[in-house]
Amino acid sequence: MNNVENTKKFTPEKIISDLLPQQFGRRGVIWTGILLAICCIGAFAYIQQLRKGLVVTNMGDYVSWGIYISNFVFFVAISLVGSLITAIFRLADVPWRTPLTRISEIIAVSAITFAALIIIVDMGRPERMLFLFTHGRLQSPIMWDVIVISTYFCTSLLLLYITLLPDIKIMIGAKEKMSTTPFYKLYKWLGNFWKGTERQEKIRDKSITILCITIIPVAFCIHTVTSWLFATTYRPGWDSTNFGAYFVSGAFLVGAGGVVVAMYVFRKVYKLEHYITERHFDKMGKILVLLALLYLYFNVNEYLVPAFKMKKDEEAHLVGLFTGEFAPLFWFAIIVGMIIPIIILVFKKGRKPNAMFVAGVMVVVGAWFKRYLIVTPTLLHPFLPKYDAPAKYSHYFPSWQEWAITAGSLAGVLLIITFFARVFPIISIYKTITDHESELPS
Amino acid sequence: MKVNYHHKLIILLFFLAGTTAAKIQAQDSAAATTILSLRYFLPENKVPYIEVNTKKKTGRIFEPVKGVAVNVYFNETSERNLLGKITTASNGIGKVGIPASFKAAWDSATEVKFLAVSDSSKEQESLNSDVTIKKAILILDTALVDGVRNVTAQLKEKKGSEWIAVKEIEMKVGVKRLGGNLTVGDADTYTSDSTGLVSAAYMRDSLAGDEKGNLILVAKVEDNDAYGNLVVEKSVLWGKPTQADTHFWHRTLWSTGNRAPVWLIFIAFAIIAGVWSTIIYLVRQIIKIKKIGKEYERTATAIK
Amino acid sequence: MNGEKSRREFLAAGLLTTLAVACNSKKSPFTPEEDVKASGEKVKLLSVDGEIIEVDKAFLKPVPHMPSVSNDEIRKGIPGKKFAMVIDLSRCKNLKKCQSACNHMHNVHSEQNWIKVYEMQDADKTAPYWQPTTCMHCDEPPCVKVCPVGATFKRQDGIVLIDSDRCIGCRFCMAACPYSTRVFNWEEPILPEGVAEQEYNAETSVPQKRGTVGKCDFCPDMTRMGMLPHCVSACPNGVFFFGDINEDSVTNGSETFRFSDLVKDKAGYRLLEDLGTKPSVYYLPPVNRNFKFEDGLKKEEPAEKKS
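Residue numbers (our numbering), protein chains in the order written: chain D, 63 to 504; chain A, 75 to 378; chain S, 4 to 310.
Check each hint, because a few of them may be wrong.
Here are the simulated lysine-lysine pairs, DSS-like style, with alpha carbons at most 30 Å apart [stated by the list, open to error]:
(1) A:120 x S:45
(2) S:128 x S:301
(3) A:233 x A:308
(4) S:60 x A:187
(5) D:374 x S:212
(6) S:96 x A:131
(7) D:373 x D:454
(8) A:131 x A:230
(9) S:47 x A:120
(10) D:348 x D:411
(11) A:208 x A:364
(12) D:257 x D:268
(13) S:128 x D:371
(14) S:301 x D:114
(15) A:230 x S:128
(16) D:264 x A:308
(17) S:128 x D:448
(18) A:308 x A:286
(19) D:264 x D:250
(20) D:257 x D:493
(21) S:212 x D:448
(22) A:230 x D:493
(23) A:308 x S:301
(24) A:131 x A:187
(25) D:264 x A:365
(26) S:47 x A:230
(27) A:208 x S:45
(28) S:212 x S:60
(29) D:411 x D:330
(30) S:267 x S:281
(31) A:378 x A:368
(32) S:47 x A:131
(33) A:368 x D:257
(34) D:250 x A:131
(35) D:448 x S:281
(36) S:47 x S:79
(37) D:410 x D:333
Rather than coming from a laboratory, the hints here were simulated on the basis of the structure.
Since we're looking at a predicted model, the values are computed, not measured.
Working from the sequences, and respecting the hints, build out all of it.
What follows is the structure in C-alpha cells.
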C-alpha cells in the first residue's frame, strides 16, 4: 500500500510550507475570541463558587456528584485517544497514522489537563488539595486516580515533546518562511539542541518505542481507575465488575470520535486535503465502527443483565433510564451516540469526510451525555428512600454556574488545541517528509 | 434562606443567651412555670451534698434554667444557717456541700432540713423548696448462698450513735455499665425485708468485665422521701475477663494511610516505581539528546 | 411523661456516680470519668459521719469539666470500648425529637438532618413503620475506605468521625455510603455566636465548616462525660438504646438491657446486612408496637418542629 499517493507530487519544501503553523485568519480570531469569552464566563462562575461555596451548584446530598464529575469522566475518556492512535497504531505499524498522531496527542494532553482542573473545581475545599500528598491514603481510589492521572499527563507530554523535536528543527530552519516569528525563541528554547544526527535519531526512536509501550497500560489505568471511583461503591448502576472494560471501550470510542472531528476541522481550516485524505477518513471510519460496536456490546452487558434480574435496588435506576425521567437522554446517548454512527459508518459512502464529521460529532456529544447518565441517575436512587432531606435534593439539573464552568472547561480544551496548532505543526512535517521519501519510488 | 436564618437566630438566642433565657422565660410565665427543686445526695457514704435544680416546663418539655441564684440553708432560713449561695449552671443544676463549720449542728441531729430560696427579680418572684432528710448510709456486700452469688444491700439510718438497717426500702441493685446500670437479676428494684436486708441473686453470668474480670456493683436508693439519694459501689471479680479486640489495629482498607494493607502498598509502589523509572529514564534520554546536540554544535562551529 | 422523668433520673444518676468516682478516686474499669479535671482547690466539707474531709472543688461542679482531648486521641478513640446502638422500631412514632436535638447540638443546616426518620414499607402488602437512622458506624466502613486524605476515620471504639479540618470536600464518602447518612455543607453553616471561632472538635462535630461533610458522630463527647448521645436522651419513647458491646449492655437512660439478650430475644437485625458493611446500629423489628403507625403521621405543632 502506498499511503502518500496524494503528496506524491510534493517536494519537501512544499510539504514544509503547507504544514507550517499559520497565523489566525479572521475566522481563527473569532473562534479564539469566542472560546476565550466562554472561558472567562466559566472563570467568573468559578469565582462565584469559590466565594459562596458549592451552594451555587444544584448538587445536593443525593446527587453529590453532578456534571463536574461527568465532565471529568468525559475528559479522561477522550484523553485516552493519545495512546490509541499514537501508541497502538505505532506498535501495530499502521502506515496511515502519520497525520493523526499529533492531533490525538494534543487532544490527550489538553483533555487530561482539564480533567485535573475540573476535579479541583468539584472540591469543596480546593485550598486543601495538597492534603492529597501530605495526608494521602493509598487505600482510596481517588489517590490512585491522582497518581495515575499525573503519570499519564507526564507521559503524554513527553510523547508529544519527543515527536515534536524534528519539526522544531524544521521550523527553526524555515525562519524566513515563518510568519510565526514571535514563537521563534520558544522553538529555540525547546529544541535548538536537535540536530538530527544519527545518534540523536537512534535515541529518539528508541525512546518513542519505550514511551508507546509504557503509555498503553497507563492509559488503560487512568480510565479503569476512573471507573473504579464508581464501581468501588455499592450503588445500583455502578456496582459492576465490568466497569473498567466498559469505561475503556467507551473512552476509545469518544477519543476516536474526537479525532475524526478534529481531523475534519483541521483539514478544512488549514486546507490539508492532500495530507488528511479521504482514505484516512475511510480508515478512521472503520475503526470508529469497530469501537462503537464494542461499546454497544458493553452497554448491552451493563444494562441487559441487571434488567433481566431487576433486583429491587436496580429497578428504580433502570426503569428511570429505560422509560422514566432519564429515558430521552438515555436513548439519545445510545441511538445518537452509537447506533446511528454505526449505521452511517458501515457504508462506504458514510465514510466520506462530511458524513464522518456528523458521525464524529454524534459520538462525542452522545458520549458526553452518556457520562452524565452514568453519574447522576445512580445517585438519585439510593438504597434507603429519599426522605427527611430538602425536596430540591431529589432532582438535579445543573445551575448556570455549573453549565458555565463546564462549558468553560470544554472551551479551555479547544483553546489549548487551537493555540497548539497556532504554534506547532498539527501534522508532523518531518514524518510526512520521511514517509514521502521512503514510499516514493526513486 | 433568609427566613430560616432568622428562625435559627431566635432559637439560638433562646437557648444560649444565658441569663436572658431566664428573663424570657419569666415574661412567658403564663405558659411556662419555673420549678425549683432540692435533692440530697450521698455518694459512697462519704460527703453529702445538696443539689438544686431550676427548670422550666413548657408544654411537656422541661428545659433547664441557668443563672438562677439560690441560697441553701440548713434547718432554717437565717444568715447564720446559710450553707452556701449558688448559681445554677447551664444544665440548671447547682451543688453545695455542708461546710465544716456546721459540724456541731450536723453531729447533733439525726434528721436535718435543707431549704433553698432563690433570689427574687423583677421578672421572677422568689422560689423556694425544702427537703427533710434522715441521716443514713447504704451498705453493699456480696454473699454466697447455696453456691449462688448474691448481692446484699442495706440502708442504715442513724439511731443515736448506731446505724440501724431500715426495712421496706426500695432500691436498685445493678452492675455498672456505660450510661446506666444493668440490674443484677430480673427485677428492676428490690425492697429490703423485715430485717432491712436486700438480697439479690446475681444472674449475669459471664457478663464482660475488665481485662481481669472486675465488675462494679452498684446499689442505689433514689429519691427516697426520708433518706434522699444514696449510691454505693463495690468492685467484684465476677465478670468474664475481656481482652481488647485487636482487629482495629490490623492493616485494612479502612485503616489510616500508614496502615494500608501490605499487598496494596507492594503493588502500588511496584507499579509507580516501574512507570516512573521509565519516565525518568526517558527524560534522561532527552538530556542525552541535548548533550549530543550541544557537542555537535561545538564541533560545527569549530570546523567553521 | 414517664420517659421524661426517667431521663432526668438518669442524668442525675450519671452525674452522681461520676462524682462518686471522682470523690473516692477509685479506679473504675469502664468509665473514663475519673478524668474529670481536678481543680486543685480544696474545700473542707462534712461527711455523713461528721468527719471533716478535704474535697476537691470539682466535686461540686454541676457540669463536669472534662480535660480537653487531643486530636491524636480523638483519632484513636476510647480504648476498650466498642459502642453500639439499638433502635427499637416498635416504639417509634415519628416524633423526631431525636432529630431536632441532634440538629440543634451540632448546628446542622436547617434543611438537612443527620438523623432521618424514614417512613418505611418494605413491600406493597407489608406493614409500614417508622425507621430512624443515624450513622451506622460500620465496622467495614465504605466511606472510610474511600477517603483520600483520612478526613473520615474509624476509631478503636467503633465510631466513625469526620475531621472537618482535613476534609477536602471530594464527597466520595457520600457516594460510597449506602445508608445516605452523610450531608454536605454546601454553604457557609449558620452557627451561634462564638461557635465559628472555636477550634473544630471531631467528637462534637462543632463547628461545621463550609465545603466539608458532616454526619452523626455517636456523641463521644457525651460518652466521655458519662452521658448518652443527644438523640438517646431526647427521645421520649425510649427508642434509642446506646451502650458498649464490650460491656454487653445498652441503655436508653431509664431501661438498661443486656445487649446480647435484647438482640436475641427481639430478633434484632442490621440494615443492608448483605452489603457486608457490618453496622454498629441494630434494629429491633416493629412488632407489638407501642403506637400505631398512623400516630406518626400527625403533624407536630410547627413551633416544636423548628428547633
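Right, here's what the structure says about each hint:
1. The straight-line distance between the Cα atoms of residue 120 (chain A) and residue 45 (chain S) is roughly 16 Å, inside the 30 Å bound, and the hint therefore holds.
2. Proximity of residue 128 (chain S) to residue 301 (chain S) is assessed by CA-CA distance (about 22 Å); at most 30 Å being required, the pair is judged to hold.
3. Straight-line distance between C-alpha atoms of residue 233 (chain A) and residue 308 (chain A) comes to about 25 Å, which keeps the hinted pair within the 30 Å bound.
4. Restraint check for residue 60 (chain S) and residue 187 (chain A): satisfied, since their Cα atoms lie roughly 24 Å apart, inside the 30 Å limit.
5. Proximity of residue 374 (chain D) to residue 212 (chain S) is assessed by CA-CA distance (about 36 Å); at most 30 Å being required, the pair is judged violated.
6. The suggested pairing of residue 96 (chain S) with residue 131 (chain A) holds, with an alpha-carbon distance near 23 Å, which does not exceed 30 Å.
7. With a CA separation close to 27 Å, the supplied pair residue 373 (chain D) and residue 454 (chain D) stays within the 30 Å bound.
8. With a CA separation close to 36 Å, the supplied pair residue 131 (chain A) and residue 230 (chain A) exceeds the 30 Å bound.
9. The straight-line distance between the Cα atoms of residue 47 (chain S) and residue 120 (chain A) is roughly 13 Å, inside the 30 Å bound, and the hint therefore holds.
10. Pair hint residue 348 (chain D) plus residue 411 (chain D) holds up; C-alpha atoms about 12 Å apart against a cutoff of 30 Å.
11. At most 30 Å may separate the alpha-carbon atoms for a hinted pair to count; residue 208 (chain A) and residue 364 (chain A) exceed this at roughly 99 Å.
12. Restraint check for residue 257 (chain D) and residue 268 (chain D): satisfied, since their Cα atoms lie roughly 17 Å apart, inside the 30 Å limit.
13. Taking the CA atoms of residue 128 (chain S) and residue 371 (chain D), the gap is near 22 Å; set against the 30 Å cutoff, the hint holds.
14. Among the hinted pairs, residue 301 (chain S) with residue 114 (chain D) is inconsistent with the structure: their alpha-carbon atoms are about 38 Å apart, more than 30 Å.
15. For the proposed pair residue 230 (chain A) and residue 128 (chain S), the alpha carbon gap of about 60 Å is over 30 Å, so the pair is violated.
16. Taking the CA atoms of residue 264 (chain D) and residue 308 (chain A), the gap is about 86 Å. The hint is violated against a cut of 30 Å.
17. For the hint pairing residue 128 (chain S) with residue 448 (chain D), the CA-to-CA distance comes to about 21 Å; that is within 30 Å, so the pair holds.
18. Using a Cα cut-off of 30 Å, the hinted pair residue 308 (chain A) and residue 286 (chain A) holds, with the two alpha carbons roughly 15 Å apart.
19. At most 30 Å may separate the alpha-carbon atoms for a hinted pair to count; residue 264 (chain D) and residue 250 (chain D) meet this at roughly 22 Å.
20. In summary, the hint linking residue 257 (chain D) to residue 493 (chain D) is supported, as the alpha carbons are separated by about 16 Å, within the 30 Å threshold.
21. Restraint check for residue 212 (chain S) and residue 448 (chain D): the C-alpha separation of about 24 Å stays at or below 30 Å, so the hint holds.
22. For the suggested pair residue 230 (chain A) and residue 493 (chain D), the alpha carbons sit about 105 Å apart, so the restraint of at most 30 Å is broken.
23. Proximity of residue 308 (chain A) to residue 301 (chain S) is assessed by CA-CA distance (about 48 Å); at most 30 Å being required, the pair is judged violated.
24. Restraint check: the Cα-Cα separation between residue 131 (chain A) and residue 187 (chain A) comes to about 26 Å, which is no more than 30 Å; the hinted pair holds.
25. Among the hinted pairs, residue 264 (chain D) with residue 365 (chain A) is consistent with the structure: their alpha-carbon atoms are about 14 Å apart, no more than 30 Å.
26. Our distance criterion of 30 Å between C-alpha atoms is met by residue 47 (chain S) and residue 230 (chain A), whose separation comes to about 25 Å.
27. Pair hint residue 208 (chain A) plus residue 45 (chain S) holds up; C-alpha atoms about 27 Å apart against a cutoff of 30 Å.
28. Taking the CA atoms of residue 212 (chain S) and residue 60 (chain S), the gap is near 37 Å; set against the 30 Å cutoff, the hint is violated.
29. Taking the CA atoms of residue 411 (chain D) and residue 330 (chain D), the gap is about 19 Å. The hint holds against a cut of 30 Å.
30. Restraint check for residue 267 (chain S) and residue 281 (chain S): satisfied, since their Cα atoms lie roughly 17 Å apart, inside the 30 Å limit.
31. In summary, the hint linking residue 378 (chain A) to residue 368 (chain A) is supported, as the alpha carbons are separated by about 15 Å, within the 30 Å threshold.
32. Taken as a hint, the residue 47 (chain S) and residue 131 (chain A) pair is broken in the structure, with Cα atoms around 36 Å apart against an allowance of 30 Å.
33. Annotation: proposed proximity of residue 368 (chain A) to residue 257 (chain D) holds, straight-line Cα distance about 9 Å (limit 30 Å).
34. A hinted pair counts as satisfied when its Cα atoms are at most 30 Å apart, and residue 250 (chain D) with residue 131 (chain A) does not qualify at roughly 84 Å.
35. Simply put, residue 448 (chain D) and residue 281 (chain S) have alpha-carbon atoms about 22 Å apart, close enough for the 30 Å limit, and the pair holds.
36. For the given pair, residue 47 (chain S) sits about 39 Å from residue 79 (chain S) by alpha-carbon distance, which is inconsistent with the 30 Å threshold.
37. The straight-line distance between the Cα atoms of residue 410 (chain D) and residue 333 (chain D) is roughly 23 Å, inside the 30 Å bound, and the hint therefore holds.
When each numbered hint is compared with the structure, violations occur for hints 5, 8, 11, 14, 15, 16, 22, 23, 28, 32, 34 and 36.
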